[in-house]
Structure formats: C-alpha cells, structure tokens
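Engineer: Based on the sequences and whatever the hints tell you, model everything.
There are 2 protein chains.
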Amino acid sequence: MNKDKKSRLQDVAKHAGVSMMTVSRVLNQNGMVSEKTKTKVQAKLKELNYQPNVSARRLASNKSFFLGLLYDNPSASYVSQFLLSSLKLCRDCGYHLVVDEVDKSLTKNLESVAELINITQVDGLILLPPVCDIAEILETLMAANIPFVRVSPNAQLNVSPYVCMDDYQAAFEITEQLIQQGHVNIAHIIGHPDVGASRLRYQGFLDALRSNKINIPPEYIEQGFFTYKSGLSATQKLLSLNNRPSAIFASNDDMAAAAISAAHMKNIPVPTALSVVGFDDTLLASTVWPHISTVRQPIKEMAKVAVELLVSGKFDDPANLKRSDLRHVLDFEIIQRESSTGIS
Amino acid sequence: MNKDKKSRLQDVAKHAGVSMMTVSRVLNQNGMVSEKTKTKVQAKLKELNYQPNVSARRLASNKSFFLGLLYDNPSASYVSQFLLSSLKLCRDCGYHLVVDEVDKSLTKNLESVAELINITQVDGLILLPPVCDIAEILETLMAANIPFVRVSPNAQLNVSPYVCMDDYQAAFEITEQLIQQGHVNIAHIIGHPDVGASRLRYQGFLDALRSNKINIPPEYIEQGFFTYKSGLSATQKLLSLNNRPSAIFASNDDMAAAAISAAHMKNIPVPTALSVVGFDDTLLASTVWPHISTVRQPIKEMAKVAVELLVSGKFDDPANLKRSDLRHVLDFEIIQRESSTGIS
DNA sequence: GCACAAAATGATAGCGTTAACATTTAACTT
DNA sequence: AAGTTAAATGTTAACGCTATCATTTTGTGC
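Residue numbers (my numbering), protein chains in the order written: chain A, 3 to 346; chain B, 3 to 346.
It should be emphasised that the hints constitute simulated quantities derived from the structure, not laboratory data. For clarity, every value in this text was computed on a predicted model and none was experimentally measured. Wrong hints could be hidden among the right ones.
Identical copies carry no separate label here, and so any pair may be met within one copy or between two of them.
[Unchecked claim] The calculated DSS-like cross-link candidates involving lysine-lysine, where the alpha carbons are at most 25 Å apart (straight line), are:
no., residue 1, residue 2
1, K90, K65
2, K231, K65
3, K90, K302
4, K268, K239
5, K48, K90
Structural biologist: Listed below in structure tokens is the structure:
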C-alpha cells in the first residue's frame, strides 16, 4: 500500500520543529508539554501516521509492554473466553499478551513462571483460578516485584489486586430460584477443589437450602472437577440413587452440560423430569440442548479490569497494594433458560 | 529467586573470552563458528543462564519475532482450538502470537490488516478461513512482502504456502458411512459460503450419494453459516419436511450440535430416529449428548505446520513460493460416536 | 524591572542486540 | 616457504526510543 518508510520519532520531530523528546513526551502523556506544542505535535503525528516502534520503546524504557496470562483451568470454555477478551483488550492499549498454561506439578510450575518472567519480561501478570491461589507462585512474583492481578482468588485477599464476583451470593440466588420453582430434592456437583469459587458456590447452595429449611441427603453432594467428564460420572451416580434429585446445580457449565448428557443417556427428560442449572454462562451453555440456565459471570469485564489495572501501573509502588480501589467485585446475573423449570 | 541481574551478550562474551559477535553467531546458528568455540560458548551460555533480550534483537535485526493470526471464523470452537495450539507452538520457538479478528466489512478489513502489519510488524501471518481467501488481503500482504501461510484455502492455491486436509474426501467418506449404515434420506447443512471447505464438503457429500445411486430431494440441502444458530434453523426446516431425512450431515460440529438440539426440541430421538454427523472434531463434539460422530480435522498439526513454515523462513525469498514442499495436505480421520447409527 | 522558581524544551548517552565490514587465523597450492 | 583462499573472529556503527540532566523560556511577587 503505502510505500513510504515507517516514520520515526525523528521525522515527526523535524516536521514539527521540536526535539524528539518533546514528541516522546506528547506520546507518553507525562505532562510538561504546553498545550500549544502538544496540539502541533499531535497533528504531525497523525499526518505522518506515526506508529511507535515497540521494540525500541521496550529496549529504552526497560518496560516490556507484555502482559502474561497464567492459567490451569480445567474449563476450556472459561479459559478461551477469558483469553480472547484479554487479547483484544491488550491490543487496544498497545500491549501484547503472552499466554501460558502452568503445569500440574509444583516444581515445574515455578520453573515455568520464572521462565515466563525471564524470557518475556512481562510487565504484569493475570492469574486465573486456581493458579491465583498457589502461594508459591504468588511469592515468586512478589519477590521478583512483578505486579499481578488475580481473578476470583480464594485466599490471601490482601496480598494483591483482584477482580471477582460474588460467587456465594450467585450460588445462593440460583439455588433459591430452583427452590421457588418447587424443587426440594436438589443435588450439587462441587467444582474443582483447588478453585476457591467451588467452595463459595457450594456454601451458597447449602445456605440457600438451610434458609428455606430444606434438608438434603449427603448423597446429593458430588465432587466434580469442572470438566465435562467429571460432571458425567457425578451425574450418573446422582441419577442412579433411589431418591433421585429433581434438580442438579452444577458448579460450572461444562459439568451442567455433562449432567444433561447423563440424563439423556438414562432417558430422563430435561427439564421435565430433571432440572439442571450451571454456572459461568460460557458459550457452551447455549450450544447444548436444552440451553442451560446459569449464572452469567462477567468474564469480559473481569478481563477488562485486570488488563486496565496492570496497564495503569497504579500499583507499581508496593505501597499501593493495600488500596481498596484495586479490589473489584463485579455484578453477576441469573439467566433462566430451558434446562430448568418448575416442578409439576 | 535469582537476584543476579540478567546476563547479557557482553557478559557471556567476556566470560568465554570471545567477542559478542561470536556469541551472537552461536545463538543464531548461522555458521562460521568453529566447533571448539561453539561448545565453549554454549557452556557459558548455560552457565550464566543467558536469555536473549527479545526487544534488542528485534530492534537490531529488524525482525519482530511476532507472528500474526487472522481469523473471522464463525466457529468459536475451531478458532479457539487453533489459537491455543498456535500460542504454544510459537512460544516454543521464541515467537509471540498476535491475534486479530478481521472485520466483516472489506475496507475495515484492509485497515486492520495494515494496522496489524504496521504496529506489530509481524514476521509472518497465519490466515484462517475464510480470511485466507479474501483476495484483497492477500494482495496487501504480498505487496508488503509479508510471508503468510493459509489454512484450508479455497482458491489461488499457487499463491502462497498452505496447509489443509482433503475436505472433499472426508465428506465423501463420512457420507458413505451413513449410506453403508442404511441411510438413504440424508440431508446436508452447507457451511459458510465464504469458506472454501464448505463447497468441498458439499461436493463430497453429493458425489458419495451419486456413486451410490441415491437421489435426494432439493429440500434436503440447507445453507448454514457454521454457527450454532444457523444450524438450528436449518435443522428445524429439515425436520418439518413431510419426508423427513433419517440422517443429517452438518458441515461442522457447531451446526451438528444445533441439529441435535433441534431434534430434541421436536422430541425426535438421536440417533434412533435421526442420525447426525458433524465435521472438525472440536471439543464441542464430545461435550454434547449424544457425542457427535464427526471427521477429525488435524487442527493442532495444521497449526504446527503453519508456525514452522513461517519460522523456518523458507519462503522469505519469493522465488521459493512455488515450491511444492510448502503445500501440506494432512490426514483426517472418521470418528464414530453416539450421534449416528445404522437404520433399523 | 529584577531575582527566583517553575515549567517547558533540548542535548546526549545509552538500552542489548545484529549488520556490515575489517581483520586475523588456518588451510591449502605450487 | 611464500602466495592464495577460505574460514573464523573481531570492530564499529547503527536500530528507534527514553532517561537524565542541562538549558531555555515563562511566570510570579516585590
């Protein structure tokens, strides 16, 4: 297309009749430029279609303009949704995203984190659950003085900025909705034990039952791992009980999808004979039939908060780490679809 | 962890008693180093745990060590699977991946491609279908002299390296399998018209029917768009026909999942009253019930070929562009699951 | 109008690497 | 052994930007 060479800071400076530093300052918004020259320079920037050379910038400023995303989440739909959102957000603010899956074993974990830091020199990291609760990783990052934002963390909440939603409350409400629809025999498939949200959701579930004076037998609680497969075997156990539940609350959509599959296998119609609700509202929830009633988790918004926090550099100074405006609790939404219904 | 500063080329050179250039040459493998010094330097590299500074390298070499991935694919499961594979592969060879979704409108398309090239200065691009067949984009890239690999392209096959599989043959075989299972009334939901593979799969389907002397009414052909939603309405039409098909071959898994949903809505049991087969073998295929019989598309392998081609720099010289070893046709596999079965 | 501070701008020196060319060393020839 | 060529290594100057400090301009109070 345009055959002219990429214009450099120097070119812009020459055209605008100022020094390179002034142009640099305009670009980096760190003040100390008069309005007049600022507008002049900005005009030239546009005119020459200037695009900063990321590498030169990195080299000179010793910032990498890279963010890292660490995950080890069993729910593929959750990860990829978070990933895609983050990628776009990063691009919008001139950053790049380096994605890494951390290994199961702890030693390998630390290695790969160290490697990520070393090789790509990320300016900050986003930690998805359950990585965000691995104490050793947090320590490594703090020692290396690398800012990080945790997504839906479970413990050590005062350690770093984080973004989450009220998993407990959401679980409470979606359970209560099942109760209001007349369900009494409600089972729950717990999420991955390493993920803090699992426990919160479970607790919300229990408390909703309790506050409605509903007792369920212990067999109604199954441990899952956020995977389709684990949901499948959990549901199979639930559905072969003598006193079969009339509703299942799975701790994420993947397992809810599995619950529906398991019901189909046993010829139990959903939702007429069995209601199923999930959690997350990933794409999957509306790609299986029946579409899954679920809690919409604001994944995209969470990614946004995380990226913006890191880019803002608000907490480069460790002293700021305790500030409360670095902790974000976002809203959820209960979404009623075809997989759950009132009892007849 | 390690508190010592990152070691630089200079440090390694000093320790090894050679010049920086020699170290650089060892790193970049471009020959002209004696075995003896090579081993000596490599030992020091390891000893000092040297990690090259990507930015400095980029700046000096005028290479970016970035690859771009351009997509506009309606099938989320396909994209995210390709994406995750590519990300890992890139990291393994010291590259980073910049992902971009191209816009629907052509003008915006070109803009965003130009922007991608300008801003990130990618060394090469991977184009997923249907982006890989937008002539204007190809022209832009060629004019800018940026290497690119196309995935499952449709036309202009001699223009660039590509990787694909035999969509026609796969469609032929999976259709024939349905026929062998006794199906005669087989419907097809065509994929997105912009994606070349759609046509090939459709053709394979038609030819399988023809070679088995099976005629189907024109109503058995529905146009879809690779999305769940489009598959849903297509199947709804098919299932309300008087002469309902006994099997549906959807051009991808998302639409096959929709076909199953639509059948459920109408209380048509799958596979006993309706067999459904898909295409791609994305995660989705084994996350819905019944699990979808499908064609396994070697997505990961395709990503691998694409990344390796670009990294190898084999076709930096345009003269090489016609070489046949830059065109890869990978193997597929027919996967029989629970969504299709013999007719009784 | 003068001293003085504060704001705005400029000059210079890297950041860590590779390209391009210069030089040295080794390896053959005759 | 001198001459020639090739292989191995070294030197220097970018690459495009920002940090740091130096300098100029502007504004303020008396």
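Engineer: Could you run down the list of hints and mark each one as holding or not?
Structural biologist: Okay, the hints, checked on the actual structure:
Proximity of K90 to K65 under the C-alpha cut-off of 25 Å is found in both arrangements, the shortest distances being 20 Å within a copy and 23 Å between copies. Proximity of K231 and K65 under a CA criterion of 25 Å is satisfied in neither setting, with 42 Å inside one chain copy and 44 Å between copies. Taking the shortest Cα distances, K90 and K302 sit within 25 Å of each other both inside one copy (10 Å) and across copies (23 Å). With identical chains, the CA atoms of K268 and K239 are at most 25 Å apart within one copy only, with a shortest distance of 12 Å there and 28 Å across copies.
Within a single copy, K48 and K90 get their C-alpha atoms as close as 23 Å, which meets the 25 Å cut-off; across copies the closest is 36 Å, which misses it.
Comparing the model with each numbered hint stated earlier shows that hint 2 is the single one that does not hold.
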